[in-house]
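Which chain is which? The protein sequence lines are C and Y, in order. If you count by my numbering, then the first sequence holds residues 43 to 156, one letter each, in order. If you count by my numbering, then the second sequence holds residues 9 to 120, one letter each, in order.
Don't take each hint at face value.
Straight-line distance between alpha carbons at most 25 Å, and here's what the computed DSS-like set of lysine-lysine pairs gives [as the list claims (entries may be wrong)]:
id: 1; chain 1: Y; residue 1: Lys78; chain 2: Y; residue 2: Lys115
id: 2; chain 1: Y; residue 1: Lys107; chain 2: C; residue 2: Lys110
id: 3; chain 1: Y; residue 1: Lys64; chain 2: Y; residue 2: Lys115
id: 4; chain 1: Y; residue 1: Lys64; chain 2: Y; residue 2: Lys77
id: 5; chain 1: C; residue 1: Lys110; chain 2: C; residue 2: Lys66
id: 6; chain 1: Y; residue 1: Lys77; chain 2: Y; residue 2: Lys34
id: 7; chain 1: Y; residue 1: Lys34; chain 2: Y; residue 2: Lys64
id: 8; chain 1: Y; residue 1: Lys107; chain 2: C; residue 2: Lys120
id: 9; chain 1: Y; residue 1: Lys107; chain 2: C; residue 2: Lys66
If you are wondering where the hints come from, they were derived from the structure by calculation, not from laboratory data.
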Amino acid sequence: DAGVIQSPRHEVTEMGQEVTLRCKPISGHNSLFWYRQTMMRGLELLIYFNNNVPIDDSGMPEDRFSAKMPNASFSTLKIQPSEPRDSAVYFCASSHGGYQETQYFGPGTRLLVL
Amino acid sequence: SQQGEEDPQALSIQEGENATMNCSYKTSINNLQWYRQNSGRGLVHLILIRSNEREKHSGRLRVTLDTSKKSSSLLITASRAADTASYFCATDARGGSEKLVFGKGTKLTVNP
């Protein structure tokens, strides 16, 4: 199995630009998570999908952030417009059965907003 | 918040020594998980211990859970340079949103 795939691995953009991060979960997993990691705040859950439906988006910072999961094999996290404080590493993870099961993390997307 | 807090924040040891990391949390949990993160990589699951378990082993890893003290420890025996990484505990609150909340991690350096 290829594991969780994320793209791009690195993204440098200017403030105000739209950023789209992509994730392909492990085949057969029905839960998908987006996390953000910074030195100051650690690893924070942004949103959790189960069977392609958003279950918990309480961690999404503000309306500039949106996430979609159009099918079981693809999800996007979009930031529009981006701001320097959005600079972080964004991880996608998937699991067989929600929070209580082992989560498998992708390699992350390192985002720098100038 | 039921966020786990790891202790110490950083640990430096020599190869062959044992490394012990601790995690404390605030509310009752269903499970506690430990993850490892190598520099520049994603997190890798190490071990899951359920609230009704007290100890679990996996290879050179030993995890204990004391629900009365709301704490857990991760012991790595006979450490290797390849064990150098950050280690995170993650908890899911029983009766709450149950989302997995990660601590800030312990940065372990194993010197060859």
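Hints, one by one, checked against the model:
1. Distance restraint check for Lys78 (chain Y) and Lys115 (chain Y): the Cα-Cα separation of roughly 22 Å lies within the 25 Å cut-off, and the hinted pair is therefore satisfied.
2. At roughly 19 Å between alpha-carbon atoms, Lys107 (chain Y) and Lys110 (chain C) fall within 25 Å of each other, so this suggested pair holds.
3. Taking the CA atoms of Lys64 (chain Y) and Lys115 (chain Y), the gap is about 22 Å. The hint holds against a cut of 25 Å.
4. A C-alpha spacing of about 17 Å is found between Lys64 (chain Y) and Lys77 (chain Y), which places the hinted pair at or below 25 Å, so the restraint holds.
5. Taking the CA atoms of Lys110 (chain C) and Lys66 (chain C), the gap is about 12 Å. The hint holds against a cut of 25 Å.
6. For a cut-off of 25 Å, the pair hint linking Lys77 (chain Y) to Lys34 (chain Y) stands: about 9 Å separates their Cα positions.
7. Proposed proximity of Lys34 (chain Y) and Lys64 (chain Y) is supported: the alpha carbons are some 21 Å apart, at most 25 Å.
8. Restraint check: the Cα-Cα separation between Lys107 (chain Y) and Lys120 (chain C) comes to about 22 Å, which is no more than 25 Å; the hinted pair holds.
9. Taking the CA atoms of Lys107 (chain Y) and Lys66 (chain C), the gap is near 21 Å; set against the 25 Å cutoff, the hint holds.
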